[in-house]
Every structure is written in C-alpha cells, then in structure tokens.
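**Q** Here is what each chain is made of, one letter per residue.
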Amino acid sequence: MKIMNCPLNGPRNISEFVYGGQVKTMPDHRLSSDSAWAEYVFYEKTEIGLVLEWWLHSPSSYWFIAERHNGSDEITRTFAPEAIFCDRVDFKTSEVPV
Amino acid sequence: MSDDAGLRTPPTRLSSDYGGAISIQDKTHKRRSGVRGIGASSWLKQQDLSAPDTPNRIILADNKTWVMSLSNREYWVLEPHEDADTFPTGRDFSEDGVYPLFCQSSHRWFVIAGEAKAQMMAKLCGVDLRSENFESGAVAQTQLALVNCIIARHTIDDEDVFSVFIDQSLAEYTLEVLLDARQEFLS
Chain A
1 MKIMNCPLNG PRNISEFVYG GQVKTMPDHR LSSDSAWAEY VFYEKTEIGL VLEWWLHSPS
61 SYWFIAERHN GSDEITRTFA PEAIFCDRVD FKTSEVPV
Chain B
1001 MSDDAGLRTP PTRLSSDYGG AISIQDKTHK RRSGVRGIGA SSWLKQQDLS APDTPNRIIL
1061 ADNKTWVMSL SNREYWVLEP HEDADTFPTG RDFSEDGVYP LFCQSSHRWF VIAGEAKAQM
1121 MAKLCGVDLR SENFESGAVA QTQLALVNCI IARHTIDDED VFSVFIDQSL AEYTLEVLLD
1181 ARQEFLS
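Sequence lines, in order, name chains A and B.
The numbering used here puts the last residue of the first sequence at 98; the count rises by one with no breaks.
The numbering used here puts the last residue of the second sequence at 1187; the count rises by one with no breaks.
Extracted from the complex, chain A is given alone in its bound form:
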C-alpha cells in the first residue's frame, strides 16, 4: 500500500486521500479573457517534473498541498495550505469595467 503523509494526521494509506487538482493562481474572473479563464479552469501542466497539487484527507476533510513528481509519482513533501495562502484574496472593484 502506498503511503502519503498528511500534515494534520500523519502517514496514512493512499486510499484515504482524494486528488483535488493542481495548485494554480486564480486570475481576476471579472477582468480576464475567456481564453485565460478557460486555461485556469480546464488545463493543467503536463511537463514531466515536480508539480504542486491539492489533496484531501477524506476522514478528516482536511485539504493540504503535496509536491509530487508526475513522472516517478514520488511525493517529495506535503504541507498545510497556509504556507502559500496566508492572505485573503480581494480583487479591486475599481478595476471592473462598467
């Protein structure tokens, strides 16, 4: 059984986890072009290498981030999302076109 280390709960069987997609920066949905928004919603990086991904530990409903090599499938580290997302995201309303 493959083991993943949950930052909150420790090592657990991989069957306890659910994949949540790559970590991406969300563009301002009111200002971005359709193609930029589609890029954000539908597409993920496919180059071989390390990628940051959202994972859910299902029994505790805890979302965290894992760094995984998408070629070897090796999980190199896992950490709490607060390490990246430490500030609230507020888009400036003054920039919205009328």
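In short, the hints are calculated from the structure, not lab data.
Fair warning: there could be bad hints in the mix.
[Said to hold, decoys possible] Per the computed footprint, the stretches of chain B lying under chain A, defined by three or more beta-carbons under 8 Å from a beta-carbon of chain A, are:
| hint | stretch |
| --- | --- |
| 1 | 1032-1041 |
| 2 | 1157-1169 |
[Stated by the list, open to error] The calculated label-pair distances, taken between Cβ atoms and stated as ranges, are:
| hint | chain 1 | residue 1 | chain 2 | residue 2 | range |
| --- | --- | --- | --- | --- | --- |
| 3 | A | 45 | B | 1083 | 53 to 63 Å |
| 4 | B | 1048 | A | 44 | 42 to 52 Å |
| 5 | A | 35 | B | 1176 | 28 to 38 Å |
| 6 | A | 81 | B | 1021 | 41 to 51 Å |
| 7 | A | 39 | B | 1091 | 47 to 57 Å |
| 8 | A | 80 | B | 1042 | 17 to 27 Å |
| 9 | A | 34 | B | 1102 | 51 to 61 Å |
| 10 | A | 34 | B | 1119 | 57 to 67 Å |
| 11 | A | 36 | B | 1085 | 50 to 60 Å |
| 12 | B | 1021 | A | 3 | 47 to 57 Å |
[Stated by the list, open to error] Partial chain A-side listing against chain B, Cβ under 10 Å, derived:
| hint | residue |
| --- | --- |
| 13 | 1 |
| 14 | 10 |
| 15 | 13 |
| 16 | 54 |
| 17 | 58 |
| 18 | 59 |
| 19 | 61 |
C-beta atoms are modelled at their ideal positions from N, C-alpha and C, and glycine is treated no differently.
Following the hints, complete the assembly by docking chain B onto the known chain A.
**A** Okay, now just chain B, sitting in the frame of chain A:
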C-alpha cells in the same frame, strides 16, 4: 424467488454489552456535542472546559467529560455518563467564529474494550493502534473497513477503551464488520 430474497437481517443487539474477550458497546444514546471555528477553544474555556493544545488528542476536561480535538479549530465534547435526552439547552453560539457541530445526530458512537482490541482493529484499520504507538489520549482520523471514522483511546470508568465514531449512514455495516472481526477472539 421469495419475498425476502436478498435482504439481510440487520444486527439487533445494538444497545447491550456483547461480553467476551472484546466488548463492543453502543454509546450512541450518550451525550456528545461539538464546536468549530476560530473561537472554538476560547468558547470551551468559557464553559469551564479545557481543550487539548494540539490536534488529534483527547483529554479529561472534568471528572466525566472528555474533550477531543480534531484540528486547531474543531472540538468534540464527550459525556459517556450522561444521556443525550438530558442535553443542556440555551448555549450561546452567537460569538463570532464559533459554530455548533451536531455530532450527536451525525455520528454513531461505539466503545470497544478488552485486552485484544488493538489486534482486532488491526484486521480493519491501517493505523497501528497498539498501546506503544497509540497511547491513551491519542486520536486517529482514518478509515475502518474503508469507512471514514474517528478512533480515540481513553478511559471510561478506569477501563482503557477505543471510542469509535462512524457516520450514521454506515454504522450498521460497520457494526457487522466489527462483530465479524471479533469472532476469532471469542473463546
């Protein structure tokens, strides 16, 4: 095909002590509640209940009340000696960052006791629950027979037990699994 073909008899011995080397008791009718939010630990202090400092721990808050931490912002209060129908009313959750959790309704509470309980659980659960690796006061949020569960090791009336919390919708299945796993430990 008969009318009852395909139907299975659900376990009917739900509220008694099952006896033997490993006992499985249903404490679902006993009182428990929860609180979540950034102000959850300070809310507990206002109720004169101390809370664990770290997630996945359970401590005795007063003589008969246990407080279990599931994260830095979520706590369950367990009262195995109080009936749920005497639940205190009028608690104030109006403070910012404090939200009640209704684990009395959402989860079933099984209590497993006996010398061989860790060996029995090893058949169903990937976490090592032996006392050397899962000491009294430890909590594991994991899976039991592929069902999400919370397992806490503590004492009730000085007896070392596992409290197991299972979503109500899967509790009947899980109880059948526990009773089946226990068979080989009965003398």
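**Q** Does each hint hold? Answer for all of them.
**A** Each hint, compared with the structure:
1. 1032-1041: Per the Cβ count (0), the hint is violated.
2. 1157-1169: It is violated: at least three residues are needed, and the stretch 1157-1169 of chain B offers just 0 whose Cβ sits closer than 8 Å to chain A.
3. 45(A) to 1083(B): 53 to 63 Å: holds, 56 Å
4. 1048(B) to 44(A): 42 to 52 Å: For residue 44(A) against residue 1048(B), whose Cβ atoms are near 50 Å apart, the range 42 to 52 Å holds.
5. 35(A) to 1176(B): 28 to 38 Å: The hint (28 to 38 Å, Cβ to Cβ) is violated, given that residue 35(A) and residue 1176(B) are roughly 53 Å apart.
6. 81(A) to 1021(B): 41 to 51 Å: holds, 44 Å
7. 39(A) to 1091(B): 47 to 57 Å: holds, 48 Å
8. 80(A) to 1042(B): 17 to 27 Å: For residue 1042(B) against residue 80(A), whose Cβ atoms are near 22 Å apart, the range 17 to 27 Å holds.
9. 34(A) to 1102(B): 51 to 61 Å: Roughly 43 Å apart at Cβ, these two residues miss the hinted range, so it is violated.
10. 34(A) to 1119(B): 57 to 67 Å: holds, 59 Å
11. 36(A) to 1085(B): 50 to 60 Å: Hint holds: Cβ distance 57 Å, inside 50 to 60 Å.
12. 1021(B) to 3(A): 47 to 57 Å: Since the Cβ atoms of residue 1021(B) and residue 3(A) sit about 31 Å apart, the hinted range of 47 to 57 Å is violated.
13. 1: holds, 7 Å
14. 10: Constraint on residue 10(A) satisfied, holds at 8 Å.
15. 13: holds, 5 Å
16. 54: Because about 17 Å separates residue 54(A) from the closest Cβ in chain B, which is outside the 10 Å limit, the hint is violated.
17. 58: holds, 6 Å
18. 59: Constraint on residue 59(A) satisfied, holds at 4 Å.
19. 61: Status holds, d = 9 Å.
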